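Line by line, the protein sequences give chains Y, V, C and B. Using the working numbering, you'd call the opening residue of the first sequence number 113 and step up by one each time. Using the working numbering, you'd call the opening residue of the second sequence number 79 and step up by one each time. Using the working numbering, you'd call the opening residue of the third sequence number 48 and step up by one each time. Using the working numbering, you'd call the opening residue of the fourth sequence number 13 and step up by one each time.
It is worth saying that the hints were derived from the structure and are not from the lab. Heads up, none of these hints are tricks.
Now the in silico label distances, taken between C-beta atoms and shown as ranges:
1. V:Y263 / C:Y365: 28 to 38 Å
2. C:L359 / V:F279: 34 to 44 Å
3. C:L194 / B:N31: 46 to 56 Å
4. C:P299 / B:K212: 38 to 48 Å
5. C:I187 / Y:D490: 36 to 46 Å
Here are the computed lysine-lysine pairs in the DSS-like style, where the Cα-Cα straight-line distance is at most 30 Å:
6. B:K309 / B:K255
7. B:K44 / C:K283
8. Y:K300 / C:K234
Covered stretches of chain V (in silico footprint by chain Y; criterion: 3 or more residues with CB under 8 Å from a CB of chain Y, positions within the stretch not fixed):
9. 131-140
10. 310-324
11. 327-335
Source: prediction; values computed, not measured. The beta carbon of each residue, even a glycine, is placed where N, CA and C say it ideally should be.
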Amino acid sequence: MKLHLNKKAITRMQGIGIIVILVVIAVVGIYATLPTPGPTPTTTTSKGKFVIDWWYESSGHYPQSADQAAVYKAQMERTGIITVNLHAADWPSYKTNRDAEMMPVYVYGWYPDYLDPDDYVFPFLHSQGGGWLHMNYKNPEIDKLIEQARAISDPTQRDQFYQQVQKIMVDDAAIVPVFQSSAWAVTKPDVGGVVLDITQNMYYWLITPPAGKDTLVVGTTDSVETNVDVAEAYDFFGLNVVLNTGAGLVYIAPGSGAGPNDFVPGLATSWNASADGLTWTFDLRQGVKFSDGTVFDSSAVKYSFDRSLSLYLDDSSQAGIGYKDIIDSVEATSKYQVVFHLKIPFAPFLSLMAFQGSFIVNPKLAPVDAAVNYVEGDAHASNPNDLGPYLLSSWSRKAGKDYEMKYDANPNYFGIADGYPKTQHIVIRFYSDATALALAMKSGDVDMAFRQLASSDIKSLQTDTTVKVWQGTGAFIQYICFQEKIAPFDNPKVRQAIAAALNRQELVDTVFLGQAVPLYSMIPNGMAFHQDSYKTLGDANITFTVSVLQELGYG
Amino acid sequence: MKNEKLQGRIVVQLLPQLRNLRQRGLAGWAILIGAAIVAAMAIMTVASPWIRPYDPILINVGPILSPPSAQFPLGTNHLGQDMLSRVYSGGAIMFQVAVLSVIVCLVVGVPIGLFASYLGGYTDKVASLVMDSIYAFPGLVLAIAIAAMLGPGVVNMALSIAVVYVPSYFRIIRSQVLTIKELPYVEAATIMGAKSRTTLFRYILPNVIPSIVAVATINFADAVLTSAGLTFVGLGLPVSTPDWGWDLTYGRRLLPSGAWWVIAFPGLMVVLLALGFTMMGEGLSELFNPRLQK
Amino acid sequence: MIMLLLTFVFLVVRVLPGDPASLHFEKQVSPEMLLDFKRRLGLDKPLIVQYFEYLVGLLRGDFGKSMQDFSPVSQQIFSAFPATLELAIFSSIIMVLVGVVLGVQASRSYNSARDHSIRVFGIASYAIPVFFLGEVVIMIFAIYFHLFPAGDRIYPGMAPTGLTIGGLHWSSGLFVLDSILEGNPTKLGVSLRYLFLPSLTLGTVLCGIFIRLTRGNMLETLQLDFVTAARARGIKETTVVYGYALRNAFLPILTMMGLQFAALLAGAVLTETTFSWPGLGRYLVDRISFRDYTAIQGVVVFFGILVAMVSLAVDIIYAYLDPRIRF
Amino acid sequence: MPLLDIESLVVEYHTLRANVKAVDRVSLSMEKGHTLGLVGESGCGKSTLGLSTIRLVPPPGKIASGHIVLGETDIINCSDEDIRKVRGKRVGYIFQDPMTSLNPVKRIGAHFVEMIHTHEPEVSEQDALKRGKDVLERLGILPERIDDFPHQFSGGMRQRVMIGLALALGPDLLIADEPTTSLDVIVEAQIIELLKELKKSLKLTLILITHNIGIVAETADRVAVMYAGRLAELGLTDDLFEKPMHPYTQALLNSVPNITKKGQVLSWIPGAPPDLAEPPPGCLYHPRCPHAFDRCKKEEPSLTKHNGTYVACHLYDRR
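The whole structure should be built from the sequences, with the hints applied where relevant.
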């Protein structure tokens, strides 16, 4: 009897079950047909809310770009008059979209090539120099100012020019700087000599190893993107290998603000420019030897530049910066003297020479007609630079990413007399992501972690007494671009309204836990001629934003 | 006239399955529980705008990464967003992707399966070859590859998932049709001169439907997991829409800081949802596919 | 089958939106630069020619050149494969062991509470996203208890050198095997520690199907006459269960192993991303963000070939194990 | 001192619907060297009875009450290990379907070796094989075929192998559970002959479970008739076949064609065995019994002795 009831119960339950399924399918089905937030690359500017289609890069090319995007959206919508539709694209698509000029608002970032204010205004605000950003921003006035500023070397005059440039920048609000990221390194407490200056370089030869060791083990998540040939490398890590294994004519004094007087001798011991700034003469250091014993002289310098300029590979730094627009020819006037003939007077020329793209290669290792690529198991053949403090003694890659690199002190290095390099051997281990790197640092697998630690990891490491956290001014800046082809972003008022709605401090605190600094000018903090121009628009200046947009009929 | 007679036969054919339903207690419970879970989640997702305490995309509603507390029962994430609200509304995308992909699979897979296997011959051979080769391949990898080409977006995700799961429909339908084709009452129908269209839709389709339903439910579960997986490898949607898969993806970066609550709750939701569909699927296939019984 | 898949992938890669070449550049480039780039990758030729060149290349084990650094994809794939292989081997060991043992247990205590709990576990394990389980495992074992490393394979300095006979030098890339060959217990220990969490995660997620399969088959075979007959002959229970029932239930399990290999690879992709395990899966994911089509294509095709080879192997073993099949 | 003594054995099957008594208060005892024929319709519980003598009732069935004593071992209460020692060593068991009763992935030899090893670990593999060969030879199978796989044998051959396995360790008791049902008539005859011959030569104690009365008639010393899990009648073969007492037995005998009698109409038993889930009150046979009177519907008959034969029927214990 009992059993029978049970049987019925089960049947009934299953009846219900089936019904529930139908209900579920129905509910879900209906729900699925509701409008889905798919990308719609057009901005609808009807009466009512002001809708922005806001794009960001989603494959980790920029630090925590997704978090930033979330913050931007939230901040814009706080005004109550703006709605933001976020759109993500991985790096390659992001670039095609940019070139297709279909992103109304998009966020970009910048590492400096040569350390000079010019490298922070010309590539953005100058209609020609900024062409690659496709903002379609052109203001003859600002173009003229920039050209004048880069042509003269007198600081005071340049200052005046840059003051005006930064003023117009805010009036037009064509491009809005947001933040400048600090540089971070974490080491064991007894490691010394880590210099994190505005150049973003890591000078391994200045670092003193942990007590009683002559080897420094460094962990990083970076990896050489193409190769370490001066004539092609254009990614941070590739250039840093060039810096430590190669040598340039001049250097920016480590730790300095890269001001006009901060240049120190490298392979060149002295230099001077002609009055018109079109010819630069460098006297070379004597007695410097390549690793194969041959003597370094002016021919090597000429060879290096001729080679880079003749190759001029599409993804090389020379092509990127436009060396050919600046340098006309290089002439070896004597065994230890070279003369550069320029096409235009170019104030930041020394900075350009200090940039790794201008370093000197070993002619024997660098064929004139091709870039030197990674050669499996042969570090020597993979690296054409051998004048620097270190020689690349081993380099292994796995699955197209770096795996391990070893530097050994270069016995022929010209700086040996001054006691450099301070550490004989550098071992660089590559970790696949920030998490792994942080844990390696915590567990003491590495003596030093440099790039890229997530801000949350840095925060937790700062409270960790077994490690030492180094902070320096970063020259990486991030900024918002507007596509002026798409209305209403051709209207400076609208752009200012959006700029004013930003709350840079909040962004920096939320996304980077305070490990970056708000930026109010394209010229980063700590660099000559910097001025907090955008402060005039204020932060989270909602009243301003609302009033502007209401004038235009939104809200 | 004669067709009606045969109709009667069909009912007879289906009866055993219904009787089955009454006998197999466990399967019934599985279906029931599974369905309940799924229903609960669907309702939660749809109702989230009214029940969630905060707007899930609002930042700094609370301190950054605060553990579960009275004010934030599930804590907050690295942007100071309320996890509870995110958990409430995080299912939307998964549901959409799952439903879409299943629909696509039904629209594409069922007809192909029916016709290819019913017509037989070359059509069948070619179709089976294509389907099997896709079927044999690591599904997620294929989905990833396709999604990578198509780019982000609900529809694209659904499509790339559908491509992977169409074969399983095809296979089950094919095997069924091949057996049913031989059944006396179908042959009888053909002998009695029923049009092949009639045979296909009147006699074969009804008998295939149960297993289609079963596969579809499993497909739901897989779609949920796969969409989460796609998001995890960075092929998901922009941050603006709260999504469990997304929270899991980001949670990984927060692991060293020990913020377990950021991954735990969204993760559990995904598991529950997939579990619900799986249980339904298991139950159904246990009811309908005698081979899988026991 | 591979051919088919290959063609499919090839077309997908070529036809779908975005000319791979133009996607590659930072700035807009002059047509001649683009052409040069295409020439470096052989993308300038007509589609059909590219296709056949690709096929011919494959026969020589050449997967084309990476669009990112122009180095041969095959080299990158082969350097990443050992990691994946090692992970796959260990996780499938866990997968099968756990699955079969639990399955047998379930079938022996049919319909009991134990049986049901095992079944539920089976279904649940199927419903857990690999990476979620991975994150949980990391959180518990690595972050809180510091028992195992949270990720990566083994730090470069510790990589075992493999077998060295005089000047000759050979390493399989499987760190466990290599460290044994090298005769270095510490490295073996380290390798295993790094290997443990990933394979545990992957194995657990995949064992569900084996539980169900084993259980089902055991239940059937345990009721077959010859099992009863064996019992009636007083054969020991363990012998009956493992020697008779399991031995006979093993063939379907083996087939399933073949089928599951694909799932294993798929799971590996996510597991490797979760544990930043430097294998093919991670390589694939990395390359996606670069839109390195040749690499993606290479990995997909490579996986296809793997799957095909495994299923072939399974068929052979099957024939070998089942006396009723003789060639 | 009987070899096997079964005392009011009850075996129940637990199903969702009800607890079915497959064997209900059956008592039997067997002397050494005797042969018992156990007959009844399929599903009457005779196989269950057979299996319970080595405690091998398949789940969900289980022995509910009663005693089984083999020699001095208490089958029901002894340890799993002891019962295992009994199986195959002291009781040989032959199953109904030889086609499926051998492990398809093991060679015949392996079967023998394994069995002999489990019970006599000291025996070497060669000796074990040797023994196996001898047994097979005696059963009329070429010894060299010991290396073949089961699927290479015919049904009859396999049954011989099964018998061989059952006899390999010279058990005290041999239980043959419908050994010929699945075989064709000629093979059946051969197998029966074989059994008879073995019985003589080895002085086997044999329980022959079958629904084929003919076989029983020619092999058994005593016959037990089961109906719906209960003993209906138990007696010497000759008596039982001369003058069957229980109406069921009579019906059973009538349903066998008899070539000696001319023009005899073949009779059958009307109705079907009762549903043991809801057994009828009183005598389980009364719904089909021609002589049934109302006492049969109320009171359950008990097994009582009538000139040498035990029978459970109210016709014979009038009060």
